[in-house]
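I would like the entire structure built from these sequences, with the hints used as guidance.
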Amino acid sequence: MPSVKIPKKSTFVDMTPFVDVAFLILTFFIMATKFKPEEPVEIKTPNSVSTKDLPDSDALQVTFDSTGRVFFSVLSEKNRKIKYDVIKHINDARSLGLTEAEMQNFVRMPSVGVPFSGLKQLLAIPVEDQKNFRQPGIPLDTLGGELYYWIRDAVGTFTGKKLQYLIKGDNSAKYPAFKQVLNAFKKNDIFKFQMITMLEDAPAGSELDIIRKRQKAGK
Amino acid sequence: MASIDEGGGGGHKKGPGVKKAKKLSTRVDMTPMVDLGFLLITFFIFTTTMSSPTTMELYMPKDTKDEDQNKAKESGALTIMLGKDNHVYYYEGQLKEDASNFLSTNFAGIRKVIIDKKKAVIDAHQHDAGCEKIWEKNGGDKKSCLDKDLVIVIKPSENATYKNTVDILDEMAISDIKRYAMVDLFPAEKILIEATEGK
Chain F
1 MPSVKIPKKS TFVDMTPFVD VAFLILTFFI MATKFKPEEP VEIKTPNSVS
51 TKDLPDSDAL QVTFDSTGRV FFSVLSEKNR KIKYDVIKHI NDARSLGLTE
101 AEMQNFVRMP SVGVPFSGLK QLLAIPVEDQ KNFRQPGIPL DTLGGELYYW
151 IRDAVGTFTG KKLQYLIKGD NSAKYPAFKQ VLNAFKKNDI FKFQMITMLE
201 DAPAGSELDI IRKRQKAGK
Chain X
1 MASIDEGGGG GHKKGPGVKK AKKLSTRVDM TPMVDLGFLL ITFFIFTTTM
51 SSPTTMELYM PKDTKDEDQN KAKESGALTI MLGKDNHVYY YEGQLKEDAS
101 NFLSTNFAGI RKVIIDKKKA VIDAHQHDAG CEKIWEKNGG DKKSCLDKDL
151 VIVIKPSENA TYKNTVDILD EMAISDIKRY AMVDLFPAEK ILIEATEGK
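Chains as they are written, first to last, in the numbering used here: chain F, 1 to 219; chain X, 1 to 199.
Derived by calculation from the structure, the hints in this document are not laboratory data. Backbone N, C-alpha and C define an ideal beta-carbon position, used for all residues, glycine too. Not one of these hints is a red herring.
Here are the computed lysine-lysine pairs in the BS3-like style, where the Cα-Cα straight-line distance is at most 27 Å:
| no. | chain 1 | residue 1 | chain 2 | residue 2 |
| --- | --- | --- | --- | --- |
| 1 | F | Lys52 | X | Lys178 |
| 2 | X | Lys96 | X | Lys118 |
| 3 | X | Lys119 | X | Lys73 |
| 4 | X | Lys178 | F | Lys216 |
| 5 | X | Lys84 | X | Lys112 |
| 6 | X | Lys118 | F | Lys213 |
| 7 | X | Lys118 | F | Lys192 |
Taking CB as the label site, the calculated pair distances span:
| no. | chain 1 | residue 1 | chain 2 | residue 2 | range |
| --- | --- | --- | --- | --- | --- |
| 8 | X | Ser144 | F | Ile30 | 38 to 48 Å |
| 9 | X | Glu194 | F | Pro203 | 25 to 35 Å |
| 10 | X | Phe46 | F | Asp189 | 40 to 50 Å |
| 11 | X | Lys73 | F | Ser95 | 49 to 59 Å |
| 12 | X | Pro187 | F | Ala93 | 33 to 43 Å |
| 13 | F | Gln215 | X | Ile122 | 15 to 25 Å |
| 14 | X | Lys190 | F | Ile30 | 49 to 59 Å |
| 15 | F | Pro203 | X | Asp128 | 23 to 33 Å |
| 16 | F | Phe191 | X | His127 | 30 to 40 Å |
| 17 | F | Lys88 | X | Ala120 | 54 to 64 Å |
| 18 | X | Pro187 | F | Phe191 | 19 to 29 Å |
Right under this line is the structure:
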């Protein structure tokens, strides 16, 4: 019986288009995205139609999560020394007894959420290991609590600069938490805030939508 | 395209004694490269954020003891209260004794309420030369006088979430409301909301 010879075909597949696509997608991701800033808590911010951009320098940010824990951070991408000045100021004013290394540690941290009494303990931990340390949040009450002092001392360090005040809250946080944060700012005579939100489109046909379309057409 | 084939050199006849160079395959195995590419893609997807956050401005009034600051015209006032589970309550003007104008809606319905109110205020507007003069002097649109009596008061309750608060402030921007304020609930309103929500 004559055996039917099956011709051996090469299993070599041309991968080049595959490589092309992979690197194209890679390029897109590098261009279109930004690194996630490290945060001690995950916050899902609400949406808004506002289009104003987020500042990355000369700003104080107060974050509160869904359970009402409050965190404080100083945004100074351009000038890291200011962040050091802030903690030095607070250390001196409240005699926390922080060492030089602990203050340097603060500069590297994205945000803090501990009472003043626990600050030394938190800063003694290197930034990389802080993930396992559950920060209880800055104590707040109707008059602003310790957050008031954080804001006051930070504002004092920034004198002569135009500061912006950012509030970042979680979707499911309760209104009283937000109000207490506002109170801490208000006590410092700060009445203008910026709330961090995610961009969404103005609903079609609404007044804002009409205004924006008109502005676009005018340009 | 991919593997660069060098098959074109065959037509040229070399003389005797000229050694023919052994043809080597120029095919390169691309698999590791693909692996690497997708590994990097995965890495970038996980570590980066797509949309950049934006900010929404909020101006709060200074707390003053003065009780009758900024008295709003009753005809143009709309009070919106935020309850729990995304409920929204509202009334126009003053809250009546029997609470007959205390109405309930949700976030989908509140926009229509705001738009209707704005329309009603604009329709009832009487010519105000003084206001128009101020706007003209400052180079603004004097149409802004049409809804100058419209004041929306936002009162989030303790059970309202931060998202609710931002959403209602967003509604102000969407409907182009220029005069609004965020204040605390009155005791009477608190009782009404509690009674409606059944605690």
